[in-house]
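Colleague: Chain order of the listed sequences is A and B.
When we follow this note's numbering, the leftmost residue of the first sequence carries the number 1, and every step to the right adds one.
When we follow this note's numbering, the leftmost residue of the second sequence carries the number 1, and every step to the right adds one.
Honestly, the hints are just simulated from the structure, not real lab data.
Some hints here could point you the wrong way.
[Unchecked claim] Below, a list of computed lysine-lysine pairs in the DSSO-like style, where the Cα atoms sit at most 30 Å apart:
| no. | chain 1 | residue 1 | chain 2 | residue 2 |
| --- | --- | --- | --- | --- |
| 1 | A | 453 | B | 98 |
| 2 | A | 54 | B | 47 |
| 3 | A | 104 | B | 250 |
| 4 | A | 250 | B | 98 |
| 5 | B | 348 | A | 54 |
| 6 | A | 208 | A | 57 |
There are 2 protein chains.
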Amino acid sequence: MAKALTSKTIDYSQWYNDLVIKADLADNSDVRGCMVIKPYGYAIWEKMQAVLDKMFKDTGHSNAYFPLFIPKSFFSKEASHVEGFAKECAVVTHYRLKNDPHGKGVIVDPEARLEEELVVRPTSETIIWNTYRDWIHSYRDLPILINQWANVVRWEMRTRLFLRTAEFLWQEGHTAHATAEEAMEETRRMIDVYADFAENYMAIPVIKGYKSANERFAGAVETLCIEALMQDGKALQCGTSHFLGQNFAKAFDVKFQNRQGVQEYVWATSWGVSTRLIGALIMAHSDDNGLVLPPRLAPLQVIIVPIYKNEQEQQQVAEKARKIQQLLQQHNITVKFDDRDTQKPGWKFAEYELKGVPIRIAIGPKDVAENTVEIARRDTLEKKTYSDEKVLEVVQFLLNDIQNNLYKRAIKFREENTTEVNTFEEFKQVLETKGGFISAHWDGTPETEERIKEETKATIRCIPFDQKKEVGKCIYSGKPSQGRVLFARAY
Amino acid sequence: MAKALTSKTIDYSQWYNDLVIKADLADNSDVRGCMVIKPYGYAIWEKMQAVLDKMFKDTGHSNAYFPLFIPKSFFSKEASHVEGFAKECAVVTHYRLKNDPHGKGVIVDPEARLEEELVVRPTSETIIWNTYRDWIHSYRDLPILINQWANVVRWEMRTRLFLRTAEFLWQEGHTAHATAEEAMEETRRMIDVYADFAENYMAIPVIKGYKSANERFAGAVETLCIEALMQDGKALQCGTSHFLGQNFAKAFDVKFQNRQGVQEYVWATSWGVSTRLIGALIMAHSDDNGLVLPPRLAPLQVIIVPIYKNEQEQQQVAEKARKIQQLLQQHNITVKFDDRDTQKPGWKFAEYELKGVPIRIAIGPKDVAENTVEIARRDTLEKKTYSDEKVLEVVQFLLNDIQNNLYKRAIKFREENTTEVNTFEEFKQVLETKGGFISAHWDGTPETEERIKEETKATIRCIPFDQKKEVGKCIYSGKPSQGRVLFARAY
């Protein structure tokens, strides 16, 4: 595979598309807006799933599975939910095809029309709360702490691989509680889980905060989010956790008898992350040579490439390579020895750089003679020769060091690209020249936020949890403000 | 939870339905034919997935993900496939809902009609082979060994939880090969993997064999299957592996340049198992007290139930229980200590019998005084008292022994319920009185098979791999036959 990525400084958007395709992560399909996740991309998703699934279970959640289809009428039951979700969605109207009597092929059988149309789930609050009605009667049935791994469909007009696709994979947690406090605690717990995952596995620093009313989930009382900064200065929402109040319980009549024997509506949360995280992972760390993956999520952590000129050298190098491979495997390091003789070492170097393998070990005849190996790290592209007995120690050190370095680099980038502004002029100028997060005073009204969005395409990413109380004036309206919020253009 | 299962000798079908609901495995949903898989049922599926996924990876396969939707026209491309699959399926015709101008609620927006309808995948051969066309050019691109974990939809008229549902979860392997031999080898390899899983994890003995032409997968040249016998004497197909020849390569124009530089069509296989296996697992081993789960797939392997009369006893028993719990956990045994004081020991005994937990440890004040525990096994309901220092050893022994015992019991049942017959009269009589597998001569024609099916509802489950060559006469037509095949009524 020839390296032919567009440089990200020339065209960031094209660089991203090139990278996703050339690193074999995903492909567009012939179905509008739907992607094919290729084995290498899916392997990253599996790594993410394994870590998240354990985190969910460690916090007391179980997995379950609810239907793909949702009766159309369910969407009308929660007023704001229908506005947000029922609009752009895939609708099943028939349940049979038949041979076309007038030609070749098949047609939809007009006699097989469904009495009530089914919507392919864009999210599952409605079908799940319709089910919880049968499961919840007493406070003894609470809390219910369930997560679902599933595909969902939202009919997006403009799609981009991983970042915005009509069908995507995700997990959605749906919990039911006896009190508002307990539900809010759960909402907060799960945004903390997501932040932990983003920072300690994806090596992406995130800002935790509240969404403004405009950006809130349709049907939520409060939406918490984690926001990250990509290398082009745009923000990406990496995960959300919603406090749904009693909205869905009221819509689906889910009540319980509390400890005092009184009937009450149940309190709810929902929270989710999706294959969009793969897009975030790519955009946060990668460079013009290709992907850069944090070792904790890399499907392959170490690649061994042999260098030789003749068969004898090949055998000696291979023998040494296999010993190192075994040694690393014994220490739970994922390592491959690429002994294909159909490709040259230079080609392999470029290929594994493109694929973002964190560590490359090259072994040639000189290394066999001198009991050494050459070890290169993907993040900085540095390489150095080590004696054989150091290999395990160096690899273990580097896996940690690369993980930490990616995080530190991303933190530094975010610090350099977060700007406090005090006027709308300044705001617009920073947005045009530098981008990034802009910390500014806002009067707290949806109208002002909407106008700023119309004029600049920037939105409030979040009201940070750690917002410091600081009296100021809204950059747009001049009205009083109690603290700064984070604006950015976003994916 | 009160034990109120219908006895399986009285009404097997009702017993099954009761069990699925009461053991909290699954529930019917408000969406026709679609089930909700509850946490306990889903935990069994996760166990199955983990084992199968490892088996697939150990045989060289990777996971990937393809779109949920398939353009209608794709189904017309493979002639026999369209007959088998395009008929009863969910069809998406629109991509938007809108507020009903004449009333409350939402309606399908007539302006948002899709140019080409999309079918919710009933199986993914078409969309995958349409994709493989772009991935395969040379023999160097082969083999492709991909598996997908996904949901699929088939619009079944009569549904039963796990056994036959409109939406179900499954895995589907789709592989591409340079030669017929290699594809056939793969087809065979995967049916062996399925048989290994069924016998060594599910503790269900299976017969491996070929499907007759009538029962073959739509689009396959050859279908291999594993067939198991349930406790009511009906057969259940547990997994299939298809040799697809070049049918899909021809339908989707997927060619490769072989080593000789000649363009050839690619050879294909596909293979799958589904959440139906949970139905098989339930039906193969369970009894009137509830589920009986093989220890290797049980979400919970050991339950510890405390028995006490006062607080002091409770504390002493709990202390001992926690020590045993820790000890077992250290040896990778999944164990729960049910210390709820809201339920009595007798209730807990019944509850965990219903849930099929393989081993129950009961600890009372006498056990504290005498350094003993009472251990009960779920398969035989035997219980016995052991001294404390034996606990780990006994539990480890029983986990193995229960696994083996379930398998042996199922083998014995199958042997007792497999009958050789030589006339159609005998065939019908055995079918009516005893059921089970019937081994009989068949003339090899689809017509005869069809007529036997019409008259008796029995089908050929498979032509066993180990069919012994034996000249005989077809029980129905009297025409010559080369060997016996296995008939049964089936799920």
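Colleague: Run every hint past the structure and note whether it holds.
Modeller: Status of each hint after checking the structure:
no., hint, result
1, 453(A) x 98(B), "holds, 26 Å"
2, 54(A) x 47(B), "holds, 14 Å"
3, 104(A) x 250(B), "holds, 18 Å"
4, 250(A) x 98(B), "holds, 23 Å"
5, 348(B) x 54(A), "holds, 28 Å"
6, 208(A) x 57(A), "holds, 22 Å"
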